[in-house]
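**Q** Letter by letter, the chains look like this.
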Amino acid sequence: MSKPKFAMYWAASCGGCEIAVLNIHEKILDVDANFDVAFWPVAMDAKYKDVEAMEDGSILLTLWNGGIRNDENEHIAHLLRRKSKILVAFGSCACEGCIPGLANFSSIKDMVDTAYTTITTDNPDNLRPQPHYQMPEGEITIPTLYPVLRTLEQVVDVDYYMPGCPPESHQIAAVIDLVIQVLQGKAELPPKGATIGAGNSTVCDECPRKRNVKTIKEFGRIQLTHSDPELCLLEQGIPCNGPATRSGCEARCPSAGAQCIGCYGPAEGVVDYGARLISAFASVIDSNKPDEIDKILDGLVDPAGQFYRFNLAGSLLRSSKSAQKG
Amino acid sequence: MTEETKPFEPVVIGFTCNWCSYRAADMAGTARMKYAPNIRLIRLMCSGRLDPTFVFKAFAGGADAVLISGCHPGDCHYVEQNYKAMRRFHLMKRVLVQLGIEPGRLKLLWASAAEGAIFAAEINKFVEEVRTLGPLNWSQPGEPVSTPIMEEVTA
Chain A
0 MSKPKFAMYW
10 AASCGGCEIA
20 VLNIHEKILD
30 VDANFDVAFW
40 PVAMDAKYKD
50 VEAMEDGSIL
60 LTLWNGGIRN
70 DENEHIAHLL
80 RRKSKILVAF
90 GSCACEGCIP
100 GLANFSSIKD
110 MVDTAYTTIT
120 TDNPDNLRPQ
130 PHYQMPEGEI
140 TIPTLYPVLR
150 TLEQVVDVDY
160 YMPGCPPESH
170 QIAAVIDLVI
180 QVLQGKAELP
190 PKGATIGAGN
200 STVCDECPRK
210 RNVKTIKEFG
220 RIQLTHSDPE
230 LCLLEQGIPC
240 NGPATRSGCE
250 ARCPSAGAQC
260 IGCYGPAEGV
270 VDYGARLISA
280 FASVIDSNKP
290 DEIDKILDGL
300 VDPAGQFYRF
310 NLAGSLLRSS
320 KSAQKG
Chain B
0 MTEETKPFEP
10 VVIGFTCNWC
20 SYRAADMAGT
30 ARMKYAPNIR
40 LIRLMCSGRL
50 DPTFVFKAFA
60 GGADAVLISG
70 CHPGDCHYVE
80 QNYKAMRRFH
90 LMKRVLVQLG
100 IEPGRLKLLW
110 ASAAEGAIFA
120 AEINKFVEEV
130 RTLGPLNWSQ
140 PGEPVSTPIM
150 EEVTA
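From first to last, the protein sequence lines are chains A and B.
Quick note on numbering: numbering that gives the first Met the number 0 labels position 271 of the first sequence as 270, and the sequence is numbered without any gaps.
Quick note on numbering: numbering that gives the first Met the number 0 labels position 43 of the second sequence as 42, and the sequence is numbered without any gaps.
Derived from the structure by calculation, the hints contain no laboratory data.
These figures come from a predicted structure and were not determined experimentally.
Just so it is clear, CB atoms sit at the ideal spot from N, CA and C, and this is done for glycine as well.
One or more hints might be untrue.
Straight-line alpha carbon distances no greater than 30 Å define the calculated DSSO-like cross-link-like pairs of lysine-lysine that follow [as the list claims (entries may be wrong)]:
(1) A:294 with B:124
(2) A:2 with A:84
(3) B:56 with A:108
(4) A:2 with A:48
(5) A:320 with B:5
(6) A:84 with A:46
(7) A:26 with A:2
(8) A:4 with A:46
(9) A:84 with A:213
(10) A:191 with A:2
(11) A:216 with A:288
(12) A:191 with A:4
(13) A:288 with A:209
(14) A:324 with B:5
(15) A:216 with A:185
(16) B:5 with B:56
(17) A:26 with A:46
(18) A:324 with A:288
(19) A:84 with A:4
(20) A:191 with A:26
(21) B:33 with B:5
(22) A:108 with A:320
(23) A:320 with B:56
(24) A:288 with A:213
(25) A:294 with B:5
(26) A:84 with A:26
(27) B:124 with A:288
(28) B:56 with A:191
(29) A:288 with B:56
(30) B:56 with A:324
(31) B:124 with A:320
(32) B:56 with B:124
(33) A:26 with A:185
Residues of chain B placed beyond 12 Å of chain A at every Cβ, according to the derived structure [stated by the list, open to error]:
(34) 7
(35) 10
(36) 37
(37) 56
(38) 57
(39) 59
(40) 83
Bound-form chain A, shown alone:
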């Protein structure tokens, strides 16, 4: 009997999710024992036309990482949706846009200018990428950028979501175990639309630091502050995104003395990640005077970047006005 097929694809992402999959160590042998890898551009050579030739629904499991930034990403998203029984938005980029989604703050022009003309770039002829270019041998093309990055679910139907930047390896291993058990008839799949490989609570819930309902007179950046290793970081004025972030990472950053930056995305029931953090941050400010509140808020250097570092594309507003205009 032939083994069920497995695929993994990367769109607008950094490749860290692929590394995280390999980080499950010998568990990767279980993947190989139970699946045929049908398509995984990072790990093996395959052509899009090979995928196009497959029967619809013939891939059992596709892990998709990356956001939809250009027409190639979108084309493959539709293609793999058709060919896959189970499509998982794998990692923060696919789930909510992540770091590539931060480009949704800027217009395409600003983004391309930053990449091709800033001082650290050596580009004396001011060259820019062009979607079409005529060569003596014929026209060559590269994928065309869209004005904003979209999450996978904003483009195709998604079966499961697996958050994290990248998802923690022990969580990936647990999900792979579950899928193998399902294949052997020993377990059932979670309901469609579920978030897998993560907790249902917040990072604060797993955080070992103590809260004592303190309020603050100023926000400080962690590298400039001496923080108490036992106490809640937010209550010491250090911008920590734990209150809105989904659990599942075992509060790694706050345990190690760094603030949570929110890579596991919105916690269960949070509609807009940034909005939830605005509530959380506003509630630690110790002032009832508008002027003083404004002064305290000056300590948050980049509030939108703080609140939407991983989540802009998946938020209610999705992008800035200038990005929408192109």
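Based on the hints, put chain B in the right spot on chain A.
**A** Chain B alone, transformed into the frame defined by chain A:
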């Protein structure tokens, strides 16, 4: 009138608290004071109940502006929840500005139950200010922004 010649009528979502600002609106109504019909009031128990999500959802859903309204500082029915609303308002405004939403599209207004006239006048003023700003036209959630664009620049 055709769609082009119609003057721009802003859509303003107003969140009022049950105890002061909604009563102010009620009083304006009872006294037959007229104010701009552009505002759609939503009553909450307290301005402190205002989850910033409501504001983001309003803008994402097509509102041109949002008004947050509650009891005067010191007069909150729930002691000090309106201060919470104030702190959220200040932080929200900074985030919205970074996303390209003009600060004039979000307003905080204190109104007591006796201030029907003030409430009506402030709404009229706000609607006119938003009219000057023009439509926000936020892309609708769910609407694919899929026109591929990239400048054709030659070196």
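**Q** When the structure is checked against the list of hints, which entries are broken? Sort them ascending.
**A** 9, 15, 18, 25, 37, 38, 39, 40
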